Every structure is written in structure tokens, then in C-alpha cells.
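Peer 1: The two chains are supplied separately, each in an independent frame; assemble them into the complex guided by the hints.
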Amino acid sequence: SQQGEEDPQALSIQEGENATMNCSYKTSINNLQWYRQNSGRGLVHLILIRSNEREKHSGRLRVTLDTSKKSSSLLITASRAADTASYFCATDTLNRDDKIIFGKGTRLHILP
Amino acid sequence: DTAVSQTPKYLVTQMGNDKSIKCEQNLGHDTMYWYKQDSKKFLKIMFSYNNKELIINETVPNRFSPKSPDKAHLNLHINSLELGDSAVYFCASSRLSEAFFGQGTRLTVV
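Here the protein sequences come in this chain order: S and U. To convert, note that position 38 of the first sequence is 38 in our numbering; the numbers rise steadily by one, no gaps. To convert, note that position 2 of the second sequence is 1002 in our numbering; the numbers rise steadily by one, no gaps.
It is worth saying that the hints were derived from the structure and are not from the lab. No false leads were mixed into what you were given.
Capping the alpha-carbon separation at 27 Å, the derived lysine-lysine pairs in DSS-like fashion look like this:
hint : chain 1 : residue 1 : chain 2 : residue 2
1    : U       : 1071      : S       : 99
2    : U       : 1041      : S       : 104
3    : S       : 26        : U       : 1041
4    : U       : 1041      : S       : 99
5    : U       : 1022      : S       : 99
6    : U       : 1036      : S       : 99
7    : U       : 1067      : S       : 99
8    : S       : 26        : U       : 1036
9    : U       : 1044      : S       : 26
10   : S       : 69        : U       : 1044
11   : S       : 99        : S       : 69
12   : U       : 1052      : U       : 1067
13   : U       : 1009      : S       : 99
14   : S       : 104       : U       : 1044
15   : U       : 1044      : U       : 1022
Because the structure is a prediction, the values reported are computed rather than measured.
Chain U with its partners taken away, still in its complex shape (with noise of 0.2 Å):
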């Protein structure tokens, strides 16, 4: 049983596109985040949402739209992709500070 999974787990895709990753965690977590991992491995928090509501967004692109149909859920969808979007994108949950984190989605925009 994977506890936090994210789809897809590669994604190439050309510049000016629309795409979608998403994600869910089956640990029954109120806590949910997206963080990208760059080219320097430097991860950075993007948003953070507790029980569907959007808590944190650490000055990201309004390209970049999240969604929480329910809390298992926190899908991230990004418009018009620019070639500086291109890297790993992962999935967390959290209940009381330790995080979950899925496998990543390598994002790679040509």
C-alpha cells in the first residue's frame, strides 16, 4: 500500500501547455504539500493545504493552481509551462511535523 502516490511519475511536455499531477494519501492526514526540487536539489515549499483549504503559497506563479477535492487529495495543475517549470514536483502529507512524501514527479517542459 502506497501511502502517498502521485501521477504521473515523468511528464515531458512542450512550452505554453496545460498539465495536471496529481496526488493522493491514504494516511488520513489533515496536512497536505506540493514542493518543487530543482536542478541543485534545493527543495522548496510551493503550498500547503489542511483539510482542503489552502494554507501556505510561498509566492508561486499564478500558473500554478492547486486543487483539494477532498483531503486524500491535493492535485496541482500548471498553465502555460515555461521552460524554467521543468523540474521534480513532490507530493507530502503530514500529521504532527513528520512528513510523507510520494516518489516525484519529473516535470521536463521542451
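Chain S on its own, in the form it takes in the complex (with noise of 0.2 Å):
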């Protein structure tokens, strides 16, 4: 089962300007957290933001959640070519199932 879909599924901009990537999901969540992936890597936590918060900051990256819409948003200010890799939303939900789901993922490249 897919819980988390990000949009946009691809996006380019150029190095310095700011990279906004979308995130929503179905049923009701305890916590939502955003991943990066390099190419050929393993996933790395980026950021958790419980159900009860609406807003976190971590460095250059900015997350939003919105429960009545079912949405979170990341946001990474000042790109930097190093920022280019994969993202992903996941979820894990109230009953404490131990699942932890992710979504498909935003290629964010950076351009030089």
C-alpha cells in the first residue's frame, strides 16, 4: 500500500533558487517525515514533523504539515548543486503498526 505522493515527480531549477516539493496522504498520521536519496545510495533522514506541529525548520530546509488537508510540503532555500538527488515523504500512522511508508519521490536536480 502507497500512502505518501509527492509533486511534482521531477523538477529542475537553477543553483541558489529555492526548491519546493509537495507531499500527500491518505489516512491519518502520527508522525511524517522527509528522506533524500543520491543515486545508488540509501535513503537519509532530512526531517520529522509530528502530527501536532505544522511547521520545522533543520538548516536550509523548511517543512510544513497540514493535517486538514492531509499535505506537507518541503522546502530547501538557496539550492546548491549538492542538493540534487531524490525525495521522499513517509508516513507512519496512528496504530503504531511499525509501518513506515513512503511515497514516490521528487528527482530534484540542480542546475549549474
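Peer 2: Right, here's the structure in full:
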């Protein structure tokens, strides 16, 4: 079963610009997380936002969560070439069934 | 120190063979997972184990059999490999929601 759906599927921006990726999910969640995957590598955890939080910051990352719309956004400010990667949102549900479900991901390409 | 390590990194094998992928985590986590990532990069959960017990089996063919000898290890055995099994398989572990991933095993069935 798939919970999250990222939008857009692919995004190309100039270095220095901000990148915004969105995620929508279907069922009530406990937490929502964002991960990055560089080509040929495993996923790396970026940030976690709890269902009772609305916004969270970590360095150049800003995550928002709107539980009424079942959606989240990830903003990367002042993008760098090293930000080129795929970004996934992931959710775990309120029933705590030890299941972390990932969306399809957004492929972000930073142009020099 | 690698937190979640899986071996091998690459696996090329013929249809019909049986193969295993090993996973070990040194983070002391209770929960471990196997995910399959297909060519479109869709990451799908296969199994979840908590303290060596199977919690989730997401409609995976019974040719796939996970085994957890202890809570630090979760191995994946695949019988009678098919072409459609070609993918990257990721092991992960978690505690309190954040998941830590291995580097993946790229399985190619020919």
C-alpha cells in the first residue's frame, strides 16, 4: 500500500533558487518525515514533523504539515548542486503498526 | 562504523536460483524492515519485524522469506527468482519513527 504521493515527480531549478516539493497522504498519521536519496545510495533521514506540529526548520530545510489537507511541503532554500537527489516523504500511522510508508519521490535536479 | 549494513551490494543471478541478502544493524533498534525499490524508484515496504517477530507482510510472494535470528539481523531469502524480482532491496531499522537505511542490494535476475 502506498501512503504518500509527492508532487512534482521531477523538478529542475537553477542553483541558488528555492525548491519546493509537496506530499499528500491518505490516512491519519503519527509523524511525517522527509528523506533524501542520492543516486545509487540508501535513503537518509532529513527531518521529522509530528502530527501536532505545523512547521519545522532544520538548516536550509523548512517543512510544513497541514493535517486537515493531509499534505506536507519541503522547502530547500538557496539550493546547491549537492542537493540534487530524490526526495521522499514517509508516514507512520496512528495505529503504530511499525510501518513506515514512502511516497514515490520527487527527483530534484539543481542546474549550475 | 556502518549503522545498517547489507550484503552483497550487487547480486546477478539466473532465473530459478535461490539467493539470500543479509542485513545487520548496530543501532540497537527493535524494528527492522525490507523495502523493494523498482526501476521507477518507487519504494515499497515488504516486511517489518519487531524484536524478531514478523509484524508486516505486505502481500509479498511466499518465495520471499525473511528470517530474523536476533533483533540485530534481518535476512531475506528469495526462492525461484524471477525476472520481475530485479530491483534494489533496502534494509532499514528504526526506533521512534526515524528509519536508517542500508546502502541497498541491486539484484539483477537474468
